[in-house]
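Protein chains: 2
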Amino acid sequence: MSMTDTPVDNGVNVAALLEAREALTAAPEAAQFQWRASCVWEHGTHSRSTIERFFGLGAEQQHKTTFSFDADHPEIFASEDHGATPVELALVALASCLTAGVAAVAQNREIQLRSVSATLEGDMDVSGILGIDSDVRNGFSGIKVTYDIDADATPDEIKGIVAQSQKRSAVYDIITNPTNVTVEVR
Amino acid sequence: MSMTDTPVDNGVNVAALLEAREALTAAPEAAQFQWRASCVWEHGTHSRSTIERFFGLGAEQQHKTTFSFDADHPEIFASEDHGATPVELALVALASCLTAGVAAVAQNREIQLRSVSATLEGDMDVSGILGIDSDVRNGFSGIKVTYDIDADATPDEIKGIVAQSQKRSAVYDIITNPTNVTVEVR
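In order, the protein sequence lines correspond to chains W and S.
Its first residue numbered 1, the first sequence is counted upward by one per residue in the working numbering.
Its first residue numbered 1, the second sequence is counted upward by one per residue in the working numbering.
Among these hints, one or two may not hold up.
Identical copies carry no separate label here, and so any pair may be met within one copy or between two of them.
[Claimed, not checked] Listed below are the simulated BS3-like cross-link pairs for lysine-lysine, each with C-alpha atoms no more than 30 Å apart in a straight line:
#, residue 1, residue 2
1, K167, K144
2, K64, K144
3, K64, K159
4, K159, K144
5, K167, K64
Because the hints were derived from the structure by calculation, they are not lab data.
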């Protein structure tokens, strides 16, 4: 078997995803998902969130394990730094969504990846959240994502993979476009 | 000391935050922060992200410990479920941001919290990310956050705390309003 015959394997089961696409096209109600998180206040700005169940394919679903996340503010904000800050978690969500997409798109285009890494930088003027200047937004003024990718592909093919991942990324959409959030007290 | 003389303590150092606000009002360049994440592709849709350093108060800063996050897709998407999905991480970011804000605002209003928990539900039609229907967005169609709060306060005071937390939340802003994201390949 020559090099060119080695099947491309990035670990993404594209055949199953294409089957899922076909199945959900025929049964669109199965495509209605609900993702969930629960969060318990610990002390100060420290909280612990848990991810366990979600709804999809018309049924309750459960992760293999329960994932738990501590979040806090850092010591320079007079907090105890028991976890990443919420805004850093938003960067992790974006990074992991785009990176999973890179692997899936590369698999679909039969391009073997060797390594993929990303660095994210989110600029923020904290005059917003501290209430110093009401013209400054609370969130990031902008986010820059930089990929380093080693793959059996030309630079243009690699750029094309990243662009397609952006186009299909749920978290990229969540961050770049508005989403309605309702907050209620029971 | 009677009950009414017990100082309210939610673990948030509001005095330090108010001092920070004063200091940053006088030195606005110190309010320019940069939050960072790095992400390494593991296999398939599994990645590991790391949070360690950030920039703020005019200097490089470092968390007490390095925080690391596995993300993956679940088994029903033919993945190995090694971590929460990226969109669940976005819910965790929102939950933890609003909850830290509830504690800080309650402290500032001298209201003792006894317990705070939140459940988040993010609805999503996965016809978007699967490329079945280009009219369906990739992200959440909407997010519902429900708080259960036990505090020494009236229901209206509790609602007021949550509303103020929303108003000052970085992640609430990031999700409800658009943010520019540039993605580059090195």
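Going through the hints against the structure:
1. For a Cα distance limit of 30 Å, the shortest separation of K167 from K144 qualifies both inside one copy, at 16 Å, and across copies, at 25 Å.
2. When the C-alpha separation of K64 and K144 is checked against a cutoff of 30 Å, the pair qualifies only between copies, where the shortest distance is 25 Å, while the shortest distance within a copy is 33 Å.
3. Within a single copy, K64 and K159 get their C-alpha atoms no closer than 34 Å, and across copies no closer than 36 Å, so neither meets the 30 Å cut-off.
4. Proximity of K159 and K144 under a CA criterion of 30 Å is satisfied intra-copy only: 15 Å inside one chain copy versus 36 Å between copies.
5. Taking the shortest Cα distances, K167 and K64 sit within 30 Å of each other inside one copy (29 Å), while across copies they are farther apart (36 Å).
The structure does not agree with numbered hint 3 stated previously, though it agrees with all others.
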